[in-house]
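With the hints as constraints, model all of the structure from the sequences given.
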Amino acid sequence: MPGLVDTHSHLGGVGAADGSSPIQPGVRVMDSINVRSSGFRRALAGGLTTLNIMPGSGHLSSGRTVYAKLRFFPESAGRVAGPRTIRDVFILDDNGRPMGGLKMANGTNSIREEPRNGFPGTRGKSAALVRGKFIEAQEYAAAVARHEAKVEAGEESTAPKRDLDLETLAAVMRGEIVVHHHTHRADDIMTVLRLADEFGFRVVLHHVSEAWKVADEIAAYEGVNGPDGEPWGAPCSMILVDSPGGKLEAVGLIYETGGVLEKAGARVAMHTDDWITDSRLFSRMAALAVRAGMSRAGAIRSLTIEGARMLDLGGRVGSIEAGKDADLSIWSGDPLSVYSVVEETWVEGVRVFDRSNEADLTYAQGGYGAGRDVEPYFCCYDHLVQQSSGAATGGAQ
Amino acid sequence: MVRRCLAMVACVASAAGFVAGGGDSAAAQTGRVGEVLVYGDVVHTMAGGKLSTIKNGVVWVEDGVVRAVGPADSTAMPRRAMTTLRAAVVVPGLIDGRSTAGLTGIFNNQREDQDAIERSSPIQPELRAIDAYHALDPLVGFLRDKGVTTLHTGHAMGEVVSGQTMLVKTAGTNVSEALVRDGVALAATLSPAAIKGGGKSPGTRGKLVAMLRAELIAGREYAEKWSSHEADDAEGTGDDEGDGGNAPARDLRKEAVARVLRGEMPLLVTANRVQDIDSALRLQEEFGFELWLDSGAESYLMLDELRAREIEVFVHPTMARPWSEMENMSWTTAGVLADAGIDVVMQSSYEAYVPKVRVVLFEAAIAAVNGLGVERAMSAMTYDAARVLGIDDRVGSIEVGKDGDLALYDGDPLEYTTRCVGTVIEGIVVSDGE
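Chains as they are written, first to last, in the working numbering: chain A, 4 to 400; chain B, 6 to 439.
One thing to keep in mind: the hints can contain errors.
One side only, chain B facing chain A, incomplete, derived with CB under 8 Å [what the hints assert, rightly or not]:
no.	residue
1	44
2	115
3	135
4	308
5	324
6	326
7	328
8	337
9	359
10	360
11	361
12	363
13	364
14	375
If you're looking for bench data, these hints aren't it; they were derived computationally from the structure.
Where a beta carbon is used, it is the ideal one built from N, C-alpha and C, also for glycine.
See below:
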């Protein structure tokens, strides 16, 4: 089948926005990633070939995400064994620029119990801060347009001072950059859609623990048009973890969400949120959705083409079709069965994972030396880390 | 939709609804409490740790105890109306070998439901799981809906000595109803998880072990003081009446450690790195207690040592996150240990964040396909788990005289897409499954 597309991963030791302010769209996650992290090798063992690598959810906006191809080409392919740097995993757009989205979040992760540095203390304040920043970006975009018009007309004009945050939000409102929005609770999901309506941006709803409560609203939402001229809608990139809870906003998580969204007619992809779930077990998540009522075909699409479309990569990856990238995952059997394993993973015609290879098998199963080489990203969970005191835990759901 | 039966009474009511779907509503509603008839296309009894598969099998539970199990066409059953269930696959109720469910609640960022770890002091053997267990926590119901019927639960790893564990059934409205056995093991942690910063002790591995040794020595002296007092009493010497008038002052902390040293309660030591596992073995040699190794991420490097000492390993959740002290963990560990002749028990362990509680069934499935195999994986959460935990006279297999604890599935229990369709505890249908 096609190589799997993970619409939400934190592999590579990501770190974008810092604690200085709640909205930092100008910070890029690509400037922080260690592409040699063992996590990427585990991702290959799970059949993953394309990732949306995201900063965390501890901010209203924690920065630009980057879409990556896991080009772990061996030397024998006539190239240097890679990837050596982040450049080697970029997916370039028609203008030769690395593709990516913008990470945003609402709900409790971006709220602080004792707000400082401008962070919000409530949901209402969170939305107000986001609206204020988008309005600032509208004014910034208008100033830029005025300046460009004057230059065009041969008039004298001083360019507005560049602002990386506002520049990014302006591109978001032009529809060039997709917003990948962390949101769990049903009311938070509706807040995202209100903001998307007001500022006309394309959004993918991520996690959506309680999407089953507002599935009809999600399915009916049209929003702005996508690149194909059709309504972009409110596509959902969902996660299933083995049990609900961990925090209040995720207590409503149920396995049935995928099936409920599918039946309502919403677009559904899935994501590992790796370090929350293990990339090696991505297909297991789709199987758990099937366990609770999602169709098998829908589950497979949610691992592949649906995710690709949410990353504006539907024309390049996510299905096996003539002209598309040769990204494949080769399975010993039904990918939705516990008894199946990924035997090989291919990216752009090059084999990047081979289970019969001892090193690759070690990444697939674990063992001495297979572990992390970068710390997982905790950002805003200091209190949880202290609580767990080193116990197995994750970072950024 | 997930249905949670939070109280026995409610569960019995929902059971009637569940059976009604099968057309046996009259039987379902007239059945005696604690009596149930369960048909399975396949019944894995797990007797002796083997699947011991019966095709077209039936299990009759009366007064909470298995009265008969065998092929449906040749097993004599009483001719009276009783609750009747049918499923593709019937197995013994699952045992979670090491959990914190019921002490840790579903929320995590809400203080009032987090009682799995007490941070006020690094050594608190006097803490008992029964004083903290919340039988109605949604996490307990979540596990019950997956077929888990017995929990070995208690204070989490994370302090040098964090408290005493217990065994409960995943039913009942309070711990008294749920309890199988109290004071099952004393939980200790030989791992960086128990090491503190900021100049507090223990700040290093060496200090951690020194503190635990000191505690064991103090416990030994306490035990000796008491046995000498009891001997005096028996001989009528020491004090005049032999009435315990001069009994040593009770010390709850040392009392718990003394129980470990008398062999009444194993020390359940969480250790992952080779050096930490080795420290646990040295302590066992020095003090002679029964050692249960918890987690054991690098235990596959210590096979000879573990086998020679007949140490049982409560292997970390197979899907634990491979970082920090777990960075060398492997999905194959349970299988490798079992191949070496070491007893393995599957467990859910402790999660500080998400998933809030792991499901022993899911962890066993990943171990099964990575070398442990289906039969041993099933046994590691049924028969073998019960044997190691010392409750195999009651649970762990479907055999006449044992508790009527059953888990019903619509297919291979280990398969991702299979659903639990019913859970029975002591003859009462406590869940209609997922």
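Status of each hint after checking the structure:
no.: 1; hint: 44; verdict: violated, 23 Å
no.: 2; hint: 115; verdict: holds, 7 Å
no.: 3; hint: 135; verdict: violated, 23 Å
no.: 4; hint: 308; verdict: violated, 13 Å
no.: 5; hint: 324; verdict: holds, 6 Å
no.: 6; hint: 326; verdict: holds, 5 Å
no.: 7; hint: 328; verdict: holds, 4 Å
no.: 8; hint: 337; verdict: holds, 5 Å
no.: 9; hint: 359; verdict: holds, 4 Å
no.: 10; hint: 360; verdict: holds, 4 Å
no.: 11; hint: 361; verdict: holds, 4 Å
no.: 12; hint: 363; verdict: holds, 6 Å
no.: 13; hint: 364; verdict: holds, 6 Å
no.: 14; hint: 375; verdict: holds, 6 Å
Of the hints listed earlier, those the structure fails to meet are numbers 1, 3, 4, in rising order.
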